[in-house]
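Number of protein chains: 2
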Amino acid sequence: MTEGPTALRAADVPPRPRPSGYPPDLAPKLAGREKRVLGDPFGLANFGVNLTRLAPGAASSIHHVHAKSDEWIYVLEGTPTLHVGEAERLLSPGDCAGFPAGGPPHHLVNRGDRDAVILEVGDRAAGDSVFYPEDDLAAAMQPDGTWRYTRKDGSPL
Amino acid sequence: MTEGPTALRAADVPPRPRPSGYPPDLAPKLAGREKRVLGDPFGLANFGVNLTRLAPGAASSIHHVHAKSDEWIYVLEGTPTLHVGEAERLLSPGDCAGFPAGGPPHHLVNRGDRDAVILEVGDRAAGDSVFYPEDDLAAAMQPDGTWRYTRKDGSPL
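Chains A and B supply the protein sequences, listed in that same order.
Sequential numbering from 18 applies to the first sequence in this note's numbering.
Sequential numbering from 18 applies to the second sequence in this note's numbering.
Worth flagging that the hints you see were computed from the coordinates, not collected in a lab.
Please read all numbers here as calculations on a predicted model, not as lab measurements.
Glycine included, C-beta positions come from ideal geometry on N, C-alpha and C.
Check before you lean on any hint, since a few could be wrong.
As the list claims (entries may be wrong) - In silico SDA-like cross-links for lysine to any residue, where the CA-CA straight-line distance does not exceed 25 Å:
#: 1; chain 1: B; residue 1: K85; chain 2: A; residue 2: G144
#: 2; chain 1: A; residue 1: K52; chain 2: B; residue 2: S109
#: 3; chain 1: A; residue 1: K52; chain 2: B; residue 2: L25
#: 4; chain 1: B; residue 1: K85; chain 2: A; residue 2: P117
#: 5; chain 1: B; residue 1: K52; chain 2: B; residue 2: P22
#: 6; chain 1: A; residue 1: K85; chain 2: B; residue 2: T23
#: 7; chain 1: B; residue 1: K85; chain 2: A; residue 2: V54
#: 8; chain 1: B; residue 1: K52; chain 2: A; residue 2: P117
#: 9; chain 1: B; residue 1: K85; chain 2: A; residue 2: T23
#: 10; chain 1: A; residue 1: K52; chain 2: B; residue 2: P110
#: 11; chain 1: A; residue 1: K85; chain 2: B; residue 2: A62
#: 12; chain 1: A; residue 1: K52; chain 2: B; residue 2: A27
#: 13; chain 1: B; residue 1: K85; chain 2: A; residue 2: A24
To be verified - Per the computed footprint, the stretches of chain A lying under chain B, defined by three or more beta-carbons under 8 Å from a beta-carbon of chain B, are:
#: 14; stretch: 49-58
#: 15; stretch: 62-76
#: 16; stretch: 89-101
#: 17; stretch: 105-112
#: 18; stretch: 115-122
#: 19; stretch: 138-150
Please construct the entire structure, taking both the sequences and the accompanying hints into account.
Below is the structure:
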């Protein structure tokens with residue numbers, strides 16, 4: 018096994034170069050979002066962790082829910098608004114929320130006037146897929162762990 | 018599915034009543050450790066998240082490594098010392114570290130003069146077990162997800 022770092026200062030990890038796997042017509046919804054990958058550098062495989070910075074107006078993701086993977090977030094800075102199903106709730110530092118596989122769809126939007134910073138955790142259950150109730154998009158995890166995005170009818174993006 | 022909370026203020030979650038599953042001769046090593054369970058209240062099953070407070074002198078766990086589950090920690094407050102294999106490193110708020118399944122054993126000790134507070138994440142891979150290099154203890158996950166602790170020769174505690 019390649020020796021990973023002993024520890025990392027999260028804010029010093031370079032942001033992930035590609036902002037998202039979303040297609041060009043949906044990618045603008047994620048403008049202003051920056052992710053630093055905090056689990057992979059240590060060789061973690063079973064779940065991922067990101068330090069995600071949302072500029073004012075930015076969203077954490079498209080409204081979505083995973084079929085097999087759980088997700089969890091913790092607010093470090095700012096006041097992002099959490100949307101879960103039809104509900105919304107203003108969060109502040111020290112708040113957390115969890116999103117079980119197959120539960121209500123969810124996403125965060127930063128409606129504040131300063132950046133919001135969150136930790137987000139999601140496991141990598143084999144055969145996972147993502148449902149986007151508000152957009153013509155579907156995502157299916159491939160056997161190699163990568164994601165394939167299509168329209169809901171299966172046609173390519 | 019039972020409706021979980023939309024969000025929780027992590028510090029307001031009551032501490033876990035039972036301090037650890039360790040036997041009486043090893044439990045004192047964890048004195049001064051307090052855990053708040055932050056994933057289960059949302060119905061998460063695939064991984065667990067704790068907000069763990071370490072009083073001065075307290076340890077996060079016995080030196081250990083999981084066979085199948087990854088672990089990850091993020092420092093919110095204080096200056097805990099991370100032990101990984103034979104190395105040690107003083108951490109401070111904003112630092113994180115990850116511990117892949119089968120990697121070097123690890124634990125944290127708070128040698129500071131104020132409490133340390135960390136977030137800790139670990140997945141729940143089926144058939145997991147824990148190796149404790151410095152203590153006569155073994156732990157094996159049972160088919161129902163609970164843990165069975167024995168001495169290393171398999172004898173009961």
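Checked hints:
1. Restraint check: the Cα-Cα separation between K85 (chain B) and G144 (chain A) comes to about 19 Å, which is no more than 25 Å; the hinted pair holds.
2. The hinted pair formed by K52 (chain A) and S109 (chain B) meets the criterion: a straight-line CA distance of about 21 Å does not exceed 25 Å.
3. For the hint pairing K52 (chain A) with L25 (chain B), the CA-to-CA distance comes to about 23 Å; that is within 25 Å, so the pair holds.
4. With a CA separation close to 21 Å, the supplied pair K85 (chain B) and P117 (chain A) stays within the 25 Å bound.
5. For the suggested pair K52 (chain B) and P22 (chain B), the alpha carbons sit about 19 Å apart, so the restraint of at most 25 Å is met.
6. A hinted pair counts as satisfied when its Cα atoms are at most 25 Å apart, and K85 (chain A) with T23 (chain B) qualifies at roughly 20 Å.
7. For the hint pairing K85 (chain B) with V54 (chain A), the CA-to-CA distance comes to about 21 Å; that is within 25 Å, so the pair holds.
8. Restraint check for K52 (chain B) and P117 (chain A): the C-alpha separation of about 21 Å stays at or below 25 Å, so the hint holds.
9. Pair hint K85 (chain B) plus T23 (chain A) holds up; C-alpha atoms about 20 Å apart against a cutoff of 25 Å.
10. The straight-line distance between the Cα atoms of K52 (chain A) and P110 (chain B) is roughly 19 Å, inside the 25 Å bound, and the hint therefore holds.
11. Between K85 (chain A) and A62 (chain B) the alpha-carbon distance is near 10 Å, which keeps this suggested pair within the 25 Å criterion.
12. Only pairs whose Cα atoms come within 25 Å are accepted, and K52 (chain A) paired with A27 (chain B) is accepted, the gap being roughly 23 Å.
13. A C-alpha spacing of about 21 Å is found between K85 (chain B) and A24 (chain A), which places the hinted pair at or below 25 Å, so the restraint holds.
14. Residues of the stretch 49-58 of chain A with a Cβ under 8 Å from some Cβ of chain B number 3, which satisfies the need for three, so the listed coverage holds.
15. A count of 4 residues in the stretch 62-76 of chain A with a Cβ less than 8 Å from any Cβ of chain B is obtained; the coverage claim is therefore met, three being the minimum.
16. Given a C-beta distance limit of less than 8 Å, the hint that chain B covers the stretch 89-101 of chain A holds, as 4 residues qualify and 3 suffice.
17. As drawn, the stretch 105-112 of chain A meets chain B at 4 residues by the rule of a beta-carbon pair under 8 Å; at three or more, the given contact holds.
18. Against chain B, the stretch 115-122 of chain A contributes 6 residues with a C-beta closer than 8 Å to a partner C-beta. That satisfies the three-residue criterion, and the hint holds.
19. Counting residues of the stretch 138-150 of chain A whose CB lies closer than 8 Å to any CB of chain B gives 3, which reaches the minimum of 3, so the coverage claim holds.
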